[in-house]
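Q: Protein chains in written order, with UniProt numbering: chain A, 1 to 369; chain B, 1 to 299; chain C, 1 to 317.
Do not take every clue at face value.
Subject to a maximum C-alpha distance of 20 Å in a straight line, what follows is the list of computed EDC-like cross-link-like pairs (lysine to aspartate or glutamate) [stated by the list, open to error]:
{"id": "1", "chain 1": "C", "residue 1": "LYS61", "chain 2": "B", "residue 2": "GLU184"}
{"id": "2", "chain 1": "C", "residue 1": "LYS61", "chain 2": "B", "residue 2": "GLU190"}
{"id": "3", "chain 1": "C", "residue 1": "LYS82", "chain 2": "B", "residue 2": "GLU190"}
{"id": "4", "chain 1": "C", "residue 1": "LYS61", "chain 2": "C", "residue 2": "ASP9"}
{"id": "5", "chain 1": "C", "residue 1": "LYS189", "chain 2": "A", "residue 2": "GLU58"}
{"id": "6", "chain 1": "C", "residue 1": "LYS241", "chain 2": "C", "residue 2": "GLU44"}
{"id": "7", "chain 1": "B", "residue 1": "LYS28", "chain 2": "A", "residue 2": "ASP300"}
{"id": "8", "chain 1": "C", "residue 1": "LYS189", "chain 2": "A", "residue 2": "ASP313"}
Quick caveat, the hints were computed from the structure, so don't treat them as lab data.
Remember, it's a predicted structure, so these values are computed and weren't measured experimentally.
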Amino acid sequence: MTARDRTREPETPVAASGQDPASETPVAASGQGRTPEGRSGTPMLDVRDLRVTYRNGERAVPAVRGVSFTLDRGQTLGVAGESGSGKSTMALGLLRLLAPSAQVSGEVLFEGEDLLTTRWARLRAVRWSAASVVFQGAMSALNPVRTIGEQICEPILLHEKVGQRAARRRAAELLDSVGVPSRRSGSYPHEFSGGQRQRIMIAMSLACRPDLIIADEPTTALDVMVQAQVLELLGELVRESGIGVIMISHDLSVLSHMCERLAVMYAGRIAEIGPSRQLIAEPRHPYTRALGRAFPTIGDPASRLAPAGLPGDPPTPPELARLSEGRGCAFEPRCSEAVAACRTETVELWPSGPRREAACLRVLEGSGT
Amino acid sequence: MTAATHAPAAVEVPRHHAFGRFCRAYAKRPAGLAGLGLLVAFGVLALASPLFIGDDQLNVIKVDGPQLSPPVDGYPLGTDQAGRSVLLLVIWGARESLSIGIIATALTVVLGSAVGLLAGHYQGRVGQGLMHVTDWFIALPSLPLAISLSAVLGQGAASITIAIAVTSWTATARLVRAQTLAVEARPFIERARALGAGNTQIMIRHVLPNVMPLILVSSTLTVASAILSEATLTFLGLGDPTSVTWGSMLQAAFAGGAVTAGAWWYLIPPGIAILIVVLGFTLVGRAVEHVLNPRMVGR
Amino acid sequence: MKPVLEVRDLMVTYPPRRGAAPARAVDGVNLQVRRGEIVALVGESGCGKSTLARALVGLVKPTGGQVLGDGEPLGYSAAALKAYRRHTQLVLQDPGGALNPRQNVFDAVAEGPRLHGLTDRLGERVHAALARAGLRPPEEFAGRFPHEMSGGQQQRVVIAGALALDPSVIVADEPVASLDASVRGEILKLILELRDSLGLSALVVSHDLGLAWNIADRVAVMYLGRIVETGTVEEVLLRPKHPYTRALLSVLPDSGERPVLLTGEPPDPAAVPGGCRFHPRCPLRAAEQDTLCDSRDLPVLTGDPSRSSLAACHLVH
């Protein structure tokens, strides 16, 4: 899987200049944290101040309110958050896979090319062959009246100059590689179990040998055992092929084991981002802390007969719209450590340690000492 | 305890609230308002017509206007071959056309909803039996059935109403059954059962309110088609020849040679009246559908 | 003292579909929930745990065995079922779906009392139930409609609806599976609080072993229609005996163990293997090549809570 004979359009001047993001926005100021040592040049994916707003008649609901991060080949980034945190909108917005009512702004530089401004034809090519998506709910994402073999061949035939036979051979290889016997490529989606369907989805996403996979809740609705199998498979693929992965999930513990880096989203923004292990072991943002405690470790006496939750609810769409206009921390109403300043100060992602950032005023206090 | 005093208010307020919300949402739909306006105008005219239309304007013996005259002063839409004002006939005809349409619809909706609800709720033999009956009625060709029914029951408004109801309840029944099946599969039905609700309570309290919007929408559309059916059946000569309806006007115009005489003023007004009322009900139906369907709210 | 809820040798068999064998969804289960106790029933989807939960509240009629409430066998006449439902209440997984979208909170909670003729001081009863479920002040919530509330609040309304009948035990089928992580803990806390304040017992059905660790006193692990291991939470989750329980625990991200991935076909209740029903996927049997597992059926676990943990396995004793 080394042949990458795709032609790419020349890099846009913006990206080619390799300008220092530190001068752009405070959020991007920690670029030092996000570029791993030993690597130079532009990262594979550079997201800058991504914003997605849903227009619903008169109302505007900001679902993603300024998200910036970078991802290199072979890196895995987990995006955690609860429903309504904007994590799926953010991920699908990267490839402009959102409803027409969504307004997307910011920059999504993929190999230096801004996917938000590129032509549709070009974007379609990128969607399969360079960056592909594993959707949640494999049953609805697969066409029920076509065999899975046909469905895997389709993007190959569409994006690569190969014949039917070569495409079919590739489809068979892909199925075998995800642990679905290739002799079953003539079967229809409903003939497979949930876990197998999710594997088929993964095989499909790999059909055109992408550099980036966006996996939107790939294991939700699967049993623990099947989930473990699918995660194992994904992990193997990443290790072997050096594909970059953005994995979205509500389950912090799954993400922390799959991904080397973790971004925790709350109310359309990144609350905390950094290496997974550190984020779980020493969360700096109160929300990360609460989310981590919500998934108990069996054997941990602290959580025995003591479920941990977080009072209150995440902001509703109208509250989100209000938040975007004013100052203050979106998490403040639910935060047990909130102080008066949390309501009045503008909160941004601040460096909270080596290669990590947190959007909490407390981080600033901590860095002073 | 304050709770007890608050309770009745808590029960009452939301219902008003829901109705008020419905009205406000409906008011935002111009097409729905236009349709409602058309219907109200026709309804008021039809109800008020006895105040200004008397026997001497309708009785072919008593009228004294020019025969089959194009629009002139005093007869803005011309006259028929007996010398009656076409305008007054159209207004008078609205009475029976609208009442046949509405009564036939009421019968259709009640019968269709009951059968659909029962067939959807009792999915065993009862449901299957009911659906067999429904299928049997669907297979019957509606126009010949209506013709033979009128032949059996005699000409007149009653037989036309029954003929329309008998041939159109099946569509409502199938629609309601499908929706009932969908509602029955939802968890709140299971919750109601676990709370101790019986079949009747589940059907009345949980299924019916959730099927009601669909019934409302389909009934507005049924009214439209019932009025058309009434016109068709009367035009074919199955109505009461002495009563004035839009269908009977068309039939009389046709039989009286209005087409060959080029008497467009005699043919077009009842046709347009049918069109406007059908349009009015359709617009209202679509608006109601939009307002009541939660997935369409805000679109 | 008699357990508040008990099943004895319970069987639920669904009629065959298109030539297949009948599905033995629940295939011999003994289980007790004692007063003030929270029991977690865990297993993968298709293991029969939801069917068992529905049989416990009388929504599914067992094809064999008995359900006992306070030691009294449950009858299946309409009147007997209705009486039983004041004793045992059900809380469903998806609170959004479990509430009628056209009923406001007051009516949703008042439904149970109204059905059972408890209309005397209904407002007081409903408000008390709302307050107990953590919706305070109740007046503020009574007029709301389900879609105007968050998932956590909706689940509290469902719980309040159950509490309004003053049940002695709640059967909760995946009560937090569709809720957000932060809300999940709040709902679990509520179940614990209700146990402490009202002495409410609960059987919580879940696929999540962490949930059992969070709130349960005892846990029963179900596989293909039977309970394969049962005991106190500490015994079963910290010192699992049955290879299936061990495998389930090992695949948890935080287990720290090498995950034991079970292979083979997903279990099918229409084709229960002979011998030990777990043998086709069992890692232990593969290692030992024991013929006992393939041929000899295992007895149904007694489900006696006073004994230490029990495991239905030939190789563990």
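Q: All the hints need checking, so say for each whether the structure fits it.
A: To see whether the hints hold, each was checked on the structure:
1. C:LYS61 x B:GLU184: Given pair LYS61 of chain C, GLU184 of chain B holds - Cα atoms ~19 Å apart, limit 20 Å.
2. C:LYS61 x B:GLU190: 14 Å, holds
3. C:LYS82 x B:GLU190: At roughly 14 Å apart (the allowed maximum being 20 Å), GLU190 of chain B and LYS82 of chain C satisfy the hint.
4. C:LYS61 x C:ASP9: 13 Å, holds
5. C:LYS189 x A:GLU58: 40 Å, violated
6. C:LYS241 x C:GLU44: Judged against 20 Å, a Cα distance of about 18 Å means the pair holds.
7. B:LYS28 x A:ASP300: Violated: LYS28 of chain B and ASP300 of chain A sit about 57 Å apart, past 20 Å.
8. C:LYS189 x A:ASP313: 16 Å, holds
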